[in-house]
Each structure stands twice: as C-alpha cells, then as structure tokens.
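Asks: Position chain C relative to chain E; hints supplied.
Listed in order, the protein sequences are those of chains E and C. Sequential numbering from 1 applies to the first sequence in our numbering. Sequential numbering from 1 applies to the second sequence in our numbering.
Derived by calculation from the structure, the hints in this document are not laboratory data. A portion of the hints provided could be inaccurate.
Because identical chains share one entry, a pair is satisfied inside a single copy or across any pair of copies.
[Stated by the list, open to error] Only pairs whose alpha carbons sit at most 30 Å apart, straight line, appear in this in silico BS3-like list of lysine-lysine: (1) 121 x 399; (2) 148 x 163; (3) 109 x 121; (4) 204 x 399; (5) 399 x 148; (6) 399 x 109; (7) 399 x 329; (8) 109 x 329; (9) 148 x 109; (10) 399 x 226.
Quick caveat: nothing in here was measured; it's all calculated off a predicted structure.
There are 2 protein chains.
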Amino acid sequence: MARPTALSGFPEWLPPQRMIEQQLLAQLQEVFELHGYVPLETRAVEPLEQLLSKGETSKEVYVLRRLHEDEDQLSPEEASSSQVDQSQLGLHFDLTVPLARYVLENAGKLQFPFKRYQIQKVWRGERPQEGRFREFYQVDIDVIGADKLPYHFEVEVPLVMAKALARLPIPPIRMRINNRRVAEGFYQGLGLSDTQEVLRSIDKLAKIGPEEVAQLLQSAAGASAKQAQACLELAQITGETSAVVDDVRAVAQRYGVESELLELGLSELAQLLDAAQDDLAGIVIADMSVARGLDYYTGSVYETELVGHEDLGSICSGGRYDELASDGKNTYPGVGMSIGLSRLLSRLFRQELVTLSRSVPTAVLVAVNSEEERAASNRIASALRDRGIAAETSQNAAKFGRQIRYADRRGIPFVWFVGAGDDGSDQVKDIRSGDQEAADAATWMPSAADLRPRIEAAEA
Amino acid sequence: MARPTALSGFPEWLPPQRMIEQQLLAQLQEVFELHGYVPLETRAVEPLEQLLSKGETSKEVYVLRRLHEDEDQLSPEEASSSQVDQSQLGLHFDLTVPLARYVLENAGKLQFPFKRYQIQKVWRGERPQEGRFREFYQVDIDVIGADKLPYHFEVEVPLVMAKALARLPIPPIRMRINNRRVAEGFYQGLGLSDTQEVLRSIDKLAKIGPEEVAQLLQSAAGASAKQAQACLELAQITGETSAVVDDVRAVAQRYGVESELLELGLSELAQLLDAAQDDLAGIVIADMSVARGLDYYTGSVYETELVGHEDLGSICSGGRYDELASDGKNTYPGVGMSIGLSRLLSRLFRQELVTLSRSVPTAVLVAVNSEEERAASNRIASALRDRGIAAETSQNAAKFGRQIRYADRRGIPFVWFVGAGDDGSDQVKDIRSGDQEAADAATWMPSAADLRPRIEAAEA
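Pulled out of the complex, with its shape left as it was, chain E reads as follows:
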C-alpha cells in the first residue's frame, strides 16, 4: 500500500499529544464531577429530521448510507434528487441537539434539574481551514430543568467552566459575560422594538467596527443616529465587578432609558460578578458587547478567550435558553457551555505551548540480561507495576548500551539492571544524570515528578 496522507479537516494527534489531550480531559471531568455533573454519552447519529429541525442545514450535516442498503427500491430520480429522506441518519454536528432528544426520550428516568457533561466528537462538513475541522471534540456542560430553572444555575455554569479551564496547563483565559435582558431592556427602553436585529448588528462590532455598526443599526434595525449611538455606548462598557451596573445605569439615564427588564438583567449580572469574586476575579468579566448571534439565548450569554490568542475566537461559549426541547407535557429550559477542544489543542500543539515530559507512560525500562533470563526481568517489571510504577521489559537482550538508547529515545527516565550490583543486588540508573544506585523492586519509588508523563507548559 502506498503511504497514505492526512485527510484535511480530520486532525489526528501523535501519542504524546493524545496523552496531553487525555490529561486535560481528565482534569475537566474531575471538576465537572466535583460539582455533581453526571457523564452522558449519546450515539453519534441522529435522525436527519432531528438534525435539520432547527433549520441549521448550513452546518453541513454528514448523512449516512449503508453500503449494502437496498437501492433498487429507489428510482434514479429519488436517488439523485437533493430531496432529503427524513428517516435517514446523520452524524451529530453538536452535543445540544442529541441532548434535547435524549432528555425527551428519557425524561421519565432522569432527575431534574439534570446536570450533565458530555465529551464527544462531532462532525461538520464545512470547508476545513486553520482551526476549523470536520471532526472535532466538544466538551459540554448543561443544566436542564423541567419547566423551570432558577437563575443561580446561570451563575454556576460559567463558574464551573472558568474554574475547570483556569486550572489547565494552558495560557490564562478570560471569560466575557453578558445578559440578554440588559441589552433587550436597554433597547426597548430606547424605543427600539426589533431587539434581535439590534443584537445581530452589535454582534458584528469586533468584525466591522463601530462606524459600520452604527450604519447597520440605522439601516437594518430602524434606529436613529442617537439611538445607534446609545447602543454603541452600552456595548463599550466592561467591568470586573458588579460596579459595572452603575456604568450601565449612567448610560441609561443619559438617554432617558427606563426598563424593568434592564433592572432585572442588571441585578442578575451583579449576582454573577459577585459570585466570581471569590476565586475568579479578573477572569470572569462583564462585557456589554457580547451578543452571541443565536436567537435561542434568553438570559446570560458567555464567551471565553485565551489571553494572547484572541485571534482564535471564543474557545468556550454558551448561555441560557428557555426552550431546549418540549414534548407537549413539559418544556425544558437550560443553561450550558461548550468547549471547542480540538481547535484549542491544535493551537497549543502547533505553537508548542504544551509538551509532554516523555513520549510513553513508562517510567522504568527493565533491562534483559539474556533471553533465558527474560522471566526474571518480567517479574521485576510486574512488581513495579503492582506498586503503580509503569514498567516495560526490554524488547531484546541487546548490549546494555542499546537497551539504554531504546529508553532514551522514548524519554523513559530509568533503566533497571537485574542482579547487576557487586553483591548481586538490582541496580537502577537515572539515564538523564547517569546516577546509578542499588534498588529493590518492592520498595524503590521514582520521584513524584517522574512517576507519570507530565505536561509542561511553555513559559509565558
């Protein structure tokens, strides 16, 4: 077979990178579980009907067909037409559509509020480019209520995510938060009725700048020049503490805006910022320009940047939605966030911002004196493993110099020599320093730093 080449849009890591990915996932998972979130894994496929129900055909769904499916039943026109057979299956493009379906399907077996995390690959047939993949990991947490969901979960979800992300060995994060009620209350108070259109215009601020947004507000959202100016002034407000609500009130007063919805939104925003002061001061900040283009958010909205890598876009976003799903009996509101893990890792790997201390889990290579004595080396390796030390027996009984090189090429820090001491004791060599000492497999222990492969973050 000729040497295959990589498929654009379908990233694959080398084993040390996969170990980094696994360690990051384990750390995220630990934080989620410490907060009581249960793991969920849904099947990779959903009925096409489900995937397209939100009109999100632009997500470029991958449709499945069994190779041996009986195609005789289809006329050529049907087979070649772009008509969608609604019973077909497609690969999920996010973890929210499957969650909505799973909650409806299993509502009777779940406890609400249902707090779950979900870590899975998703697929989108979009044109691949830097940081945009066709197969990638999403890491989601959501809290779903039955009919109601108290506001304090809109405080909990971003704080759980911010804590989880802030303790990873990656560059610092900045989570920017806003509340739709603030924006919508303000716009309504100004006299602008098409608040969705105002939001969509404000969402373009970073991309096209304030002057063009002002134009857009007037042409698309029916704003006067003064109203457009007020919207832009609101969008410029940011703040690390709940004092930011005073800045918003000052602008509102200047433009004669009065709104109960605005006041409700401000008190919610203040609660979130107050709660963040304990551990996450300066990491969670209010930013009135955060709009999130999507229509379905109804309260808090969140975005997260990697400091120094703002060009990457948001690495973790989400918000409050009033209707995840509805089955006629119950409506399920929720609040959730999603990390685009593959995009984040791709940046970290390409810029070598994280590396692993060695390329295999192995801490000790047990040398083999001769093939006849392999069993003795195996017993040493087994004794080390019983005590939690990853150990391999050398693959052959070559000269010790070659066995050491085998370890060195993989970054294995220690090589063990069976019965090599003058008194017949075992010896262990730290091949980095060359230090060699007598050792007993029943008691010897590497340093904590050498026990497992360690993620090393680049200096800031």
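Replies: Positioned in the frame of chain E, the structure of chain C alone reads:
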C-alpha cells in the same frame, strides 16, 4: 416534538451506567499504561478504498455524504448505481484498519515496537440483534514491529489483557489460547495441505459438533476418515499448564505426525502457559479447538469467555498477524486483542450484574437555609470540593425535608446544614442512618467507600 424512541442497534446508557462504563475504561487504561502502552485515537472515517481493501464488504460499512455535496455533477445513473466511488469516506468498522493506515502514515514519527491502546466507537450496518450493535465500543491493544516482532510479545499481549479483565468487577474470565503453528504443523504432518480449510472446519466445532465437522473435513478439506479423526482428537485437548504439550505430542505420535512447525508451536505455547502461571493460573488455558476463522493470523490466537456467560461468545479476541501493513519499504507484523465492550456491558446491565452505589458523583448536598444565604452554602460546597469531595448546593431553599428528599432520590449519602448546631456550628447528616454530627468543611471527610460512586458487583 413528539417523544423520540430509541434507535435499534445504537445503545445509549443512563448516566449511572455511563459512570460504570467510564470506571471500567479507566481501570483498563491504567493497566495498559502501566505496561507502557500509549493511547491512540484515530479519526472516525477512512477512505472507502481503505475500508474495503480486505474484501470485508460484508462488514456493512456506513458511507458518508455531505448533505450539501454538489450532486449536480453526478448523472442519475452514477448516483443510483451501486458502484463505489473510491474517494468516498466511510465510518471505520474496527480499530485495526485505522491502525494499519495510521502506522503507514506516521511510521517516521513512531518508535517501534509500537505498543498502543485504542478505545473508540466503531460502526457496522449489520442487522441489530441481542449483543450485536451498529455502534459500539472496541478496546484494543496491539504491538506493531517494523519488519520483525519477537515472540515474547505474543506472550505479553494476552497476559496484559487477562490481567486487565480479571481485575474488573465483572464475572470471572477464561482466556483460551492456541497457536496456529501447532495446528498447521499437525495438519501438514498428517498430510493435509489445505490447512486453512481444516482450520475453517474446526472453527465450526462448537456450532455444529464433531460429527458434522468430521464430514466437513472430508468433503471440504480432502481429509480421510482417519485424518479427520486425528484433527478432532487434537481439537479436544485443553490444559492449564505447559504439560498440555505432552498431550499434543501423544496424539501426534499416535498418528505418526512429525513436524518442525508443530514443535516450534508447542515450545511457544509452553512459554505462554509458563508465563501465565505467576498471576493467571487457571484463567489462561490452552485449547486446541480455538481456531479463529480469519486468514490473517499466523501464530498465537486468543479468545475470552465470561464464565457463566459462554453463550455471549468471545468478549475479547485476537492473535498474531505477520502483515498488518506494508509500504514497500517495511512490513509491519503485529499481535493484538480487542474487547467488544458494548456487548459485554449490555449483558452486565441487562442482568444487573453491576450496579452503581449512587446515580450522581455528588457525595454531599449542601442545604440552603434561604436564597439570601445561598452564597454561604456555595462557600461550604467549594471548600469540600477543594478537598476532593464532590458537593452540590441545593437547587432551592425549600423545607429541609424536601432538600433531603432531593438527595435521597439521587443516592447522595450526606446532607450538610450550615450553622445548624446549637453553637452555630455546621452539621452533617448521613441520610441513610439518620446520624447527624457537627462538622467543619475544612476537615470533615466521608469514608473512602462513600467518597465516589462505587461499582457493586452482584454476588456470584
């Protein structure tokens, strides 16, 4: 939306079952890493060409198509014909084909022998039935050499798997091993040249019984009645220690069989059985009826049953293959095994052979005295989490009885009351026993058994 129903062949677990699955996967992963195996994750898709290169079209590959793919370029005949477009992508149906492709693609960046484990979903469009799914987990380990791979890896791989499986909280396992060289040497020594056909006939022994196999050996493999009898006598031999090779030699002698290949196979088999005596006596047994239908095995072959659940078939199989892949420059031999995890779990769950001690990770529910005091409860929960104790704050400030019921329904063992003691101290209640005591979030610790959800295996 109407209540969706499950898709046949695409199993999904409830969160406690997913927690069990995750714990089992973590335990397997730990054993693999202790032995120096690196994790690998490949993309879910492969070019159809790759998937079909072994003529395994019967695996019912799922082919992908982007919904928005430009179909105008296809004539109706092309679109509807069963002709396969070789540039198409399909979902992988196992983890071996992707491994072969990955090794060729990345050979220059990997160290050989390459020891890797891989835990991923695979897809097969087969007709779903009990224990046969269209989407399921495989858990594979393989060791791949460049051009050569010493025999001792054929000893290592089954012992790693047997150790990993034997320590899971599942019914005991029995790993049945054989060596193609024993069978082929014996058949050749008997004068049977079509050893593949003999193997295929012997492979049917459990299904159709010795009499029909004897017929088949004569009709399909060209054996005489006496040769067929000899093959069946060989297939009846089993043994827990290397003494089994004497039983094989006795049968060989009785039929006048002499074969160097047989002797080589027997010495290999003896090595494996000797190595298993340390920890896995009685778990790894030689069974001369293990044939494995597939052509590509060239040495050791392995199958694994769950004791008491033999009807489930093999839950973990594999063997030695001389040519995983070849790129003209190198040939890559290997030895590997694969666990069919979803099938195993499906049995365990359906028969309730494993259960979880609670349905959420949470160990402590911190009660809320009033919404105004939620921040105080949050701080207690946070202090507990900082010490590795999973804790949630109550979702509302209902009467304590209702807050306790919330915990009870989820199996959360402890409820924490802030400032509830006569002296204003905090109190923690074990809601199973009703015992309540003063507690300090900076020092209190649940028992080790209550710290995390615990897998409970059914009594044998």
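Asks: Against this structure, judge whether each hint is valid.
Replies: Here is what the structure says about each hint:
{"no.": "1", "hint": "121 x 399", "result": "neither (45 Å within a copy, 42 Å between copies)"}
{"no.": "2", "hint": "148 x 163", "result": "within (26 Å within a copy, 48 Å between copies)"}
{"no.": "3", "hint": "109 x 121", "result": "both (25 Å within a copy, 25 Å between copies)"}
{"no.": "4", "hint": "204 x 399", "result": "neither (66 Å within a copy, 47 Å between copies)"}
{"no.": "5", "hint": "399 x 148", "result": "between (70 Å within a copy, 19 Å between copies)"}
{"no.": "6", "hint": "399 x 109", "result": "between (62 Å within a copy, 25 Å between copies)"}
{"no.": "7", "hint": "399 x 329", "result": "between (74 Å within a copy, 27 Å between copies)"}
{"no.": "8", "hint": "109 x 329", "result": "within (15 Å within a copy, 56 Å between copies)"}
{"no.": "9", "hint": "148 x 109", "result": "within (18 Å within a copy, 53 Å between copies)"}
{"no.": "10", "hint": "399 x 226", "result": "neither (83 Å within a copy, 51 Å between copies)"}
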